[in-house]
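Taking the hints into account, I'd like the entire structure generated from these sequences.
Each chain is listed here by its residues.
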Amino acid sequence: MFNHILFNLIQVAVVMIFAPLASGVLARMKEFVQSKRGPSIFQPYRDLWKFFHKDEIVSEDSSWIFRFTPYIVFVTPIFVALLIPVLTNYPLFFAFMGDMIGGGFILSLGGFFATLAAIDTANPYGPIGASRTRMVGFLAEPVFMIVFFTVSFVAGSTIPYIVQETWVTPLANFFMPSHVLLVLAFLMLILAEGGRIPVDNPTGHFELAMIDESKSLEYSGRGFALMKWGGYMKTFVLMCIFLNVLVTPWGLAGDTTLGAVLLAIPKVLLKIFCFLLVLVVIESSLSKLRLFRIAEFLGAAFITSVAAMIAQIFLPSLK
Amino acid sequence: MSVLIILLLPLIATALVCLPFKRFWAPSVTVVSSVAVLVLAARVAWLTSSGGSITSDLKIGMLKWIAVDGLSALILLLISFVATTASIYSIGYMAHGNITAGKLRLYYANYNLFVFSMLAIPVLAEPTLVWIVVELTTLCSALLVSFENTREALEAAWKYVVLSLMGAGMALFGFLVLFAAMQASGSTGAYTWSSLVAAAPLMPSVLLQTAFLLILIGLGTKVGLVPMHTWLPDAHSQAPSPVCALLSGIETTAILYVILRLFPVMQAAPNSHAETWAMVLGLISVGTAAFILLQVRDYKRMFAFSTVEHMGIILTAVGLGVSVAGYSAMMQIVSHCVTKSFCFFAAGAVLLTVDTRQIASVRGLIRKSPIAGAALVFGGLAITGAPPFAVFLSEFSILKAGLVQKEYLVTALLAIFIVIAFFGIMLHINRMVFGTRENGETETNSNHLSENENGKKSHLPFSCRLALIIAAIPVLVLGFYIPQPLQDLLTQAAAVLTKQTP
Amino acid sequence: MSESTNQLLDNLNALAVGLFLLTAFGIVAMRQARGVLNLFIVQSLLLAASAALLGMRHQTEHLYGVALVNLISKPIIVPWLLRKTSPSEIYTRREVTQVLNIPTALLIALALAILSYFLAQPLLKAVAPEFRGPNVPIGIAGLLIGAFTITVRREALPLLIGLLVMENGAFLTGISISRNLPLLVELAIATDGLVIVFIMGVLTRAVQKQIGTTAVGELATLKEAPFEPTESEPTK
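These protein sequences, in sequence, are chains A, B and C. Residues in the first sequence are numbered from 1 upward in steps of one, following this note's numbering. Residues in the second sequence are numbered from 1 upward in steps of one, following this note's numbering. Residues in the third sequence are numbered from 1 upward in steps of one, following this note's numbering.
Keep in mind that the hints are not guaranteed to be accurate.
[As the list claims (entries may be wrong)] DSSO-like mimics (lysine-lysine), calculated; alpha carbons at most 30 Å apart, straight line:
id	chain 1	residue 1	chain 2	residue 2
1	C	125	B	103
2	B	103	C	209
3	A	50	A	36
It is worth saying that the hints were derived from the structure and are not from the lab. Being a predicted model, the structure only gives us computed values, none of them experimental.
Now the structure itself:
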């Protein structure tokens, strides 16, 4: 049992430490694709260090929400990291505290506070971005729900560890139509929730066009660093769910030795790196959608997930 | 062997008309090949009118699926007859507009291809091959419908192609389900009409019913059954008149033949509701067409809606009971075919005279062109079932069969709709032919044919008049006397519909 | 063949068929004509894949022939024919305004897909067990969604693709429940598809010459309602 708690903590540490790295690698590869040199992959670490040492300025008209939100945004991905398989494929100490739906709610809790905080100051761009984030959020909700329901229908449970087991044994299960369609739907979700192209431009500076970036407009110093780090961790956690539960549920530590768990870290990082390659291709080849076309994009994700559900629920009854 | 030649002749004609000879080459080749096909079809009909079917001697490739029995021979005969009269009519009609020689060749090439595709429908015995040929008829006639290249003609052609192909897609599905049904019945024969009848009692009824419905609705789109008929008035009015005669007179009937081929299959299967469906759909078509006929504004559309009405009548007749009304349905097919083609020839003559399709613009036709006016009256009376024309006889016998079957409501409705259609058509024709304008005689300006103003009698081309006369003969004669060979053929055709075992 | 290979083939077939359904949804919703054409090519490839997989699973050699026919005719010959016969403008069209907005159209397509599952149930119960599979409901869905595409799209190319999707759907069902149809027939059906493309390409060119655009949804003048007065209409 002590082992399990230790592994859980290692898991959280992995998420915290490597999330900025993932973001830095992604930024560098995007620049690479455009034939530029790009910043160093450790640049996010340097940025976080810089921001932690800067002064923080807080508007007088803002309330406690504004002050608390960076902590909430920082902590919620950590909670979710406790619940999902990051390094091991057997449940750890806190694994049964919440299932995937619980994890989804915790992540959206962070998003909720971030939205409120954006409205909290009197900055006009804050509410614009906040309302747009909410729009993307509520359009993505049905997709989340259907994905989780279908996945749990297959596995008989919504605990990520148990779901992951179903996909691993026999290889034929990997090609089940519901599986592939779910992967597609979830990929579109990650693009939407993570604020990547085609939904939003993560490197844009134009406030009038910001969707997700607007949550950190008003922050400075430590608050800003916490918001950014929390954002990196949220994306990292989503990628972990996607890769370790849905797409490539292999390469995770099978036995309870410390060595196996530590060995799983580079494997997980390799998987994330491959996924980042895919993400770079998507980001570099598409352009940002016009705002109201986002509804169509998420509509397509919804249809894909429902097709997966149909394939899962109706097909076996035909045999 | 004659069957093969019947199929080959139009193909050869298509190839020949593409040769860039003089202007009269293409029409003459078409007329010659149509007459030859007619003679051969008459011979085939003669051979099958005593029962039995003709199959091809060579059994290679697709040829092994050629089988002509009484019903097929009847349709074959009708197709070749209308093709002949329409090709004669085309000589004069197409010489009229200022069409380039190239476009004329295109017309005749398409014409021959279209005739070929129609001829192939009754000849093939494998349902999926028949489906392919049905699609071919749509595609070959699409360019004919849009021949005049006006905006309305293109719209008509587009709607025609899209709706027909949609229906054909459904029908393909139906044919595939039918094949599955045949497989599920454990039969080992080839997939032909006759082996379908043999296998029918063992087929799972849900598959058979589904297939029947799909084919009825899918091919019913091409037949012009309501509510899938929306393309029909457009396509059948915008095409050049000889093509309209082909389309309305025989093509819709040929597709109806395909649907009729399913009826013996449905009869052999236990508790199928095929006849109820046929009656309901038929009545709906007749009723809708009859009411719309009261308010048409374009006389070619009027005749097109009359086609919808007659298709409905035939389907209702089959629905009343094939054993009782089968002969009448066959007679109705024959009479409708010859009469409708005549009507469109008459409409074409009117169009040549007054250059407009609007009923409201045409008045006092009898003064402008007595032939066109007389033909229009003749055709209108004939198609609406006035005595002593052929349609009257067939409709009367259908109504009688309905009374025999004790389907009083259906018969009454049918009679009422026919009367309404009669009023509608004759009202319009009466105004067109005999009426005077409200504000006195104001001439329409672009008048194709008349040399002077003041309504001098205008001349239709000789070939148009010849075609009108040739087409008028059966319309009148069949109302009085049906020759014995034709009677035998009709009986054979009806027998095919009712046969329980091959 | 071993049980696990059978299951793998079944799953791969189900995957191909599931992606087929997805491409059908895409064809309803995609704005750009070129995108619709690409989706159709992908769909035909999936159809060929399904035919090949079913052939492997049930040891029916002539399904390989069907797969080959589909592989050649639709992804290769159809675009080539389109380039030859229809105006090049059709590739650049986008439907900026639609008959139904896209999310609604997608939801209706989804409802049609669910409906087709229920429609397929009685059919599947009536055939022998080795013919059952996901092909039939998705084939019916393809048919219905193709018909729906024809009603909601106003551009020429998506309309044509809708027709071909209907045929693809019927074909998809056919390769599973009417497997033993002679190859000649399947070949003829494929050729027929090509003739459709040819004729509609020619028609589209004529339409574009006449009305200046390929938005055939705008052709809607023929009805029983009063016409605009032409030169031959009398003035009352």
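*Identify every previously stated hint that the structure contradicts and give their numbers, smallest first.*
Result: hint 1 breaks, nothing else.
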